[in-house]
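> With these hints in hand, go ahead and build the complete structure from the sequences.
Protein sequence lines correspond, in order, to chains A and B.
Under this note's numbering, read the first sequence as residues 1 to 236, first letter to last.
Under this note's numbering, read the second sequence as residues 1001 to 1236, first letter to last.
For the record, the hints were derived by calculation from the structure and aren't laboratory data.
Every residue, glycine too, gets a C-beta built ideally from N, C-alpha and C.
Please note that the accuracy of each hint is not assured.
Stated by the list, open to error - Computed, partial: chain A to chain B, Cβ under 8 Å:
(1) Phe-8
(2) Ser-180
(3) Ser-197
Stated by the list, open to error - Keeping only pairs whose Cα atoms sit at most 30 Å apart, straight-line, the calculated DSSO-like set for lysine-lysine is:
(4) B:Lys-1136 <-> B:Lys-1162
(5) B:Lys-1200 <-> A:Lys-134
(6) A:Lys-162 <-> B:Lys-1146
Protein chains: 2
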Amino acid sequence: MNKIEVCFSPELIHLHELRGKIVVVVDIFRATSTMVAALAHGVREILPFADLEACRKMQDKGFLIGGERNGLTAPGFEMGNSPVAYLQGNYSGRKLAMTTTNGTQAIEKSRGAQEILIGSFPNLQATVTYIQKKEKDVLIHCAGWKGRFNLEDSLYAGALVKSLESTHYADEDGALAMKSLFEKEGHDLKSYLSQASHAKRLQNHGIESDIDFCLTLDLYELVVKVDGRGFLVGVK
Amino acid sequence: MNKIEVCFSPELIHLHELRGKIVVVVDIFRATSTMVAALAHGVREILPFADLEACRKMQDKGFLIGGERNGLTAPGFEMGNSPVAYLQGNYSGRKLAMTTTNGTQAIEKSRGAQEILIGSFPNLQATVTYIQKKEKDVLIHCAGWKGRFNLEDSLYAGALVKSLESTHYADEDGALAMKSLFEKEGHDLKSYLSQASHAKRLQNHGIESDIDFCLTLDLYELVVKVDGRGFLVGVK
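Written out as structure tokens, the structure is:
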């Protein structure tokens, strides 16, 4: 058996060993869900940026640019952080440069891992299958909200711990707690997460369809990983 | 209704507003349980120290000194961090200076709150009753383990959120999650927490009776608070 653990915030990631592990970065509402949607619907590759201005400059290099801060499209950006915007395949073949409040920062802070995957409910089972072929310890890195614990990333962590229980032993308090939480609340994610602070934030922005998408299980067989150049790419 | 929130680590406390709130510091295994036990059994007052050497020097001023690092009594200290050591009342009337790996650091980082309470299962209901008279927002500050989330402090947080639900609204993701976790696992704390990493650490040190004590509900009607001088004192 391999081990599995959960880090609830990029501000705590320095307390976890990354080396030799598969790190699954998750920002359910909405960065990692959007990344998976974009790549599943034809975007060729995604270059994540923690910094807004560095991301903006990629437009000159032919990239589509996606930028979000505090749940809203950053000024001057073509795309915000909505997964639904990619579902028609309108950006097929494009390269995307993307920066978000929490998710892209968490990717940056995961460097040093053996492998970095991008987690979402729409490709949960694909990610599980991929990990189970690798025989590596797993660390789930929740992006949280501005450094704080959040409910949706934590529930995804619980879902992943539960899905991997035949191969990965939850010998760590965060993983144990989130597995229990998912067992109790995972049967109706949407209803439970309607209480979550970021779901409320998004509802205020009128993006119910994004929330529906982000909580839909197993739409895609695609796994998303960070490649040697730092790009996010889809692997089938 | 007032609000209630949970901070899972002293390393995240800077993300929470302390002002105007009652902060309940909790380090179930074992610092805050030991503090409550000591005061319930006659210790006059406790001065907490984050620093080991500063604590040690209090012996010259007539204090009983308690010091723990990594679960073991610190070299040269009279007392470790065992609540059971106080149950016979052998230290009645003494002043205690105390430093522990996680708990005393969390107290120090809670400065700035309207009021700081010390939480434990043996005085949970007393703490609930006290808080409900105050009509203030509550922040539960989990000491964790070396900055990381831990199961026992989190479950106490869930128990407190649940116990306060008639007066304090869990409008925050950490509080919501821990309430759910306690609802699922709170019926048999000892069995569930036997999986927790720090319980295993303590079992290795042969202190089963400490674990039993720390998970016993409502032995005392005492509330423990930090007074204006920074001492912990019992309030009935």
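> Please flag the earlier hints that this structure goes against, numbers listed from lowest up.
none
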